[in-house]
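Trainee: Below are the chains, spelled out letter by letter.
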Amino acid sequence: MTDAHPAPHKMSARGVSVSYGDKQAIRDVSIDVDMDHVTAFIGPSGCGKSTFLRTLNRMNDTIPSARVTGEITLDGEDIYSSDMDVVQLRARVGMVFQKPNPFPKSIYENVAYGPRIHGLAASKGALDGIVEQSLRRAGLWDEVKDRLNDSGTALSGGQQQRLCIARAIAVDPEVILMDEPCSALDPIATAKIEELIHELKGRYAIVIVTHNMQQAARVSQKTAFFHLGQLVEYGDTDNIFTAPRQERTKDYITGRYG
Amino acid sequence: MNKPAPEAAPARAPTDWKTEAMQKRIRRRYARERRFKLFGMLAVILSAAFLAFLLFTMVTNGWRGFTRTEIALPLDFPAMAMKIDPAQLSTPGANLALAGAELEDKVSNAALAAYGAQSVPLLSDAAWLKVREALKADPSLLHQKKLLWVPASTQVEQGLRGNDAAAAPLAKKLYDAGKLHTGFNAGFFSESDSTDPVAVGIWGAFKGSLLTMAVTFLIAFPIGVLSAIYLEEYAPKNRWTDLIEVSINNLAAVPSIIFGLLGLAVFLGSWSLFGMRVGPLLPRSAALVGGVTLALMIMPVIVIASRNAIKGVPPSIRDAALGIGASRIQVVFHHVLPLAMPGILTGTIIGMARALGETAPLLLIGMRAFIVTPPGGFTDPATVLPVQIFLWSDEVSRGFVEKTSAAILVLLVFLLAMNGLAIYLRNKFETRW
Numbered sequence: 001m002t003d004a005h006p007a008p009h010k011m012s013a014r015g016v017s018v019s020y021g022d023k024q025a026i027r028d029v030s031i032d033v034d035m036d037h038v039t040a041f042i043g044p045s046g047c048g049k050s051t052f053l054r055t056l057n058r059m060n061d062t063i064p065s066a067r068v069t070g071e072i073t074l075d076g077e078d079i080y081s082s083d084m085d086v087v088q089l090r091a092r093v094g095m096v097f098q099k100p101n102p103f104p105k106s107i108y109e110n111v112a113y114g115p116r117i118h119g120l121a122a123s124k125g126a127l128d129g130i131v132e133q134s135l136r137r138a139g140l141w142d143e144v145k146d147r148l149n150d151s152g153t154a155l156s157g158g159q160q161q162r163l164c165i166a167r168a169i170a171v172d173p174e175v176i177l178m179d180e181p182c183s184a185l186d187p188i189a190t191a192k193i194e195e196l197i198h199e200l201k202g203r204y205a206i207v208i209v210t211h212n213m214q215q216a217a218r219v220s221q222k223t224a225f226f227h228l229g230q231l232v233e234y235g236d237t238d239n240i241f242t243a244p245r246q247e248r249t250k251d252y253i254t255g256r257y258g
Numbered sequence: 001m002n003k004p005a006p007e008a009a010p011a012r013a014p015t016d017w018k019t020e021a022m023q024k025r026i027r028r029r030y031a032r033e034r035r036f037k038l039f040g041m042l043a044v045i046l047s048a049a050f051l052a053f054l055l056f057t058m059v060t061n062g063w064r065g066f067t068r069t070e071i072a073l074p075l076d077f078p079a080m081a082m083k084i085d086p087a088q089l090s091t092p093g094a095n096l097a098l099a100g101a102e103l104e105d106k107v108s109n110a111a112l113a114a115y116g117a118q119s120v121p122l123l124s125d126a127a128w129l130k131v132r133e134a135l136k137a138d139p140s141l142l143h144q145k146k147l148l149w150v151p152a153s154t155q156v157e158q159g160l161r162g163n164d165a166a167a168a169p170l171a172k173k174l175y176d177a178g179k180l181h182t183g184f185n186a187g188f189f190s191e192s193d194s195t196d197p198v199a200v201g202i203w204g205a206f207k208g209s210l211l212t213m214a215v216t217f218l219i220a221f222p223i224g225v226l227s228a229i230y231l232e233e234y235a236p237k238n239r240w241t242d243l244i245e246v247s248i249n250n251l252a253a254v255p256s257i258i259f260g261l262l263g264l265a266v267f268l269g270s271w272s273l274f275g276m277r278v279g280p281l282l283p284r285s286a287a288l289v290g291g292v293t294l295a296l297m298i299m300p301v302i303v304i305a306s307r308n309a310i311k312g313v314p315p316s317i318r319d320a321a322l323g324i325g326a327s328r329i330q331v332v333f334h335h336v337l338p339l340a341m342p343g344i345l346t347g348t349i350i351g352m353a354r355a356l357g358e359t360a361p362l363l364l365i366g367m368r369a370f371i372v373t374p375p376g377g378f379t380d381p382a383t384v385l386p387v388q389i390f391l392w393s394d395e396v397s398r399g400f401v402e403k404t405s406a407a408i409l410v411l412l413v414f415l416l417a418m419n420g421l422a423i424y425l426r427n428k429f430e431t432r433w
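Going down the list, the sequences are from chains A and B. Going by this note's numbering, the first sequence wraps up at 258, each residue one higher than the last. Going by this note's numbering, the second sequence wraps up at 433, each residue one higher than the last.
Since the hints were made in silico from the structure, they are not lab data. Be aware that a few hints might be false.
[To be verified] Straight-line alpha carbon distances no greater than 27 Å define the calculated DSSO-like cross-link-like pairs of lysine-lysine that follow:
(1) B/K37 / B/K83
(2) B/K173 / B/K136
(3) B/K172 / B/K130
(4) B/K311 / A/K99
(5) B/K83 / A/K23
(6) A/K105 / B/K311
(7) B/K83 / B/K106
(8) B/K146 / B/K130
(9) A/K192 / A/K99
(10) B/K106 / B/K18
(11) B/K106 / B/K130
(12) B/K130 / B/K173
(13) A/K23 / B/K237
(14) B/K428 / A/K105
(15) B/K145 / B/K83
Build the full structure now, drawing on both the sequences and the hints.
Mentor: This is the structure in structure tokens:
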């Protein structure tokens, strides 16, 4: 990392466009995502930031009309090539959704599900270990350690979202994509998630979509500003918020539209 | 921000909520609500009344179907001089041997000897069968005199119940002399169809229904649920799948007798294929062909119910599972199907209940035959409860009226049990969010 040459990017997108049927959702986006960084995507509603996020682990595959062109690589491998197994890709590039969506199963089962289907734990003890470690990293262990068999849906909204983060961590991903993870949460729960993102960034490359600019400024090191399906500006968060190069970025972060 | 203010509207007078017009409007609103509630209540009461009337009629007509009048019959077996070896009675050939020894005539003669010639028959057609069973159970009877209670004829039974004027005086006389008694008719649950209403039972039809339902379930449930999964989770949404959806919805509304014709033509018909005669594919009148035909009939119902249940599973659960790298089939079998199961089971059981009550298609494929022995397997000739009810309802004898109502009660209990099971399963597997 401290090499004279810049470290290769964890994920790179080159000239990515996405269309739903006739409608072009994003156009010609190129961006790099690095380890040890939190990358924030900001922009007004409908600007395509979530759509772009979902191309990074091919969640758009589930929408029949979606068509992706351009190239996205993970460690230099094209994730849309036919050699790439989408199931493995999604294990390596985990995702946390806007609305907390724990499975209607026990807390333990929620976290254990991923390792189990990918065969990551050799024994029951190893699985227990993974569950505990994931819940600890998600900052939820102390709150739930005595009720691992309770339903995941019985937790509060903020706890549910941290459970979803623990579930994503449990399969040991390299990248975690977060799609507006705090938009359904109250300020206290939001603060906890942001704190968690800080702690996790050393271990995973994190990409977060948010429409809350303060949040982007607080948690990210790199920020990408999307508008009308285009990447307007991408750079260090400090620069974007203090000295944006583009007029549109400046208008947005000063609240002229959005 | 600085748009010109819209043209100033004329100043609005403050609303007076206490004017006569306003009060009237409020009264009207309440009246309308009361009226609506009244109509709703009337509708509920009316439907409850119809149901109560149906049950009342069935029970008043049918409870006697569960009872049987028996007549005391003194039998002097040594005097009958039957040419039969007692050892033969414990062999499988016993029935044949006793029939050869003219047991039926001898039993009739015993009745003649005991009660003299009467204008109506005293014994049920099945009376000698009861004597036969008694002999088989205890061969030593051949050397004894014995008083046996055997089923009385339907005329005597109905005379005793005041339904047969011609036989009433005789029945009254016999009853007063202690020669008749009426008790619970266990045979109704263990015997099958007969020409004599006193001797009929529903076991054969019940067993036929069970066998038919088993075939229906084993075919319709897996195919229906898998089709629903394919259509919801895998099939592309295009004109073809729209066409399939419309076809399935239409199939669910096709009159059941059409499915009977289909079953008749496809499973029981024979046709020539490349110069070879093919078919019939399945045996006529059997639970197998009935079950397959009914499976075709309820499959659309199961597909529709299952699709709706699968649609009801929130997409966020699919996203969650896909997001940690579950494959499509893991998403379906680990998450979607368990959550959709209560709805699928409810739809399936409603479909099965419909199949259980179905008569018309089964008439066409020959399940209306007169079946005296309960079916031993899926390919034996069989009938089912609703067809049995239909057959008995055609009979003129008063005895069959009771038996028809009694069989309807059994069918209703069976249906209620199935619906109860549906509710139980739904509550058991339901996920609370």
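Trainee: State for each hint whether it applies.
Mentor: Here is what the structure says about each hint:
A distance of roughly 79 Å separates the Cα atoms of B/K37 and B/K83; the hinted pair therefore is violated under the 27 Å criterion. A C-alpha spacing of about 32 Å is found between B/K173 and B/K136, which places the hinted pair above 27 Å, so the restraint is violated. Between B/K172 and B/K130 the alpha-carbon distance is near 24 Å, which keeps this suggested pair within the 27 Å criterion. Simply put, B/K311 and A/K99 have alpha-carbon atoms about 19 Å apart, close enough for the 27 Å limit, and the pair holds.
For the hint pairing B/K83 with A/K23, the CA-to-CA distance comes to about 97 Å; that exceeds 27 Å, so the pair is violated. With a C-alpha separation of about 20 Å, the suggested pair A/K105 and B/K311 falls inside the 27 Å cut-off, and the hint holds. Distance check on the hinted pair: B/K83 and B/K106 sit about 12 Å apart at the alpha-carbon level, within 27 Å; holds. A C-alpha spacing of about 13 Å is found between B/K146 and B/K130, which places the hinted pair at or below 27 Å, so the restraint holds.
Proposed proximity of A/K192 and A/K99 is supported: the alpha carbons are some 16 Å apart, at most 27 Å. Taking the CA atoms of B/K106 and B/K18, the gap is near 97 Å; set against the 27 Å cutoff, the hint is violated. A distance of roughly 13 Å separates the Cα atoms of B/K106 and B/K130; the hinted pair therefore holds under the 27 Å criterion. For the proposed pair B/K130 and B/K173, the alpha carbon gap of about 24 Å is at most 27 Å, so the pair holds.
Between A/K23 and B/K237, the direct Cα distance comes to roughly 18 Å. Compliance with the 27 Å bound is thereby established for this hinted pair. Proposed proximity of B/K428 and A/K105 is supported: the alpha carbons are some 15 Å apart, at most 27 Å. This hinted pair checks out: B/K145 and B/K83 have alpha carbons roughly 17 Å apart, not beyond 27 Å.
In this structure, the hints that do not hold are numbers 1, 2, 5, 10, in rising order.
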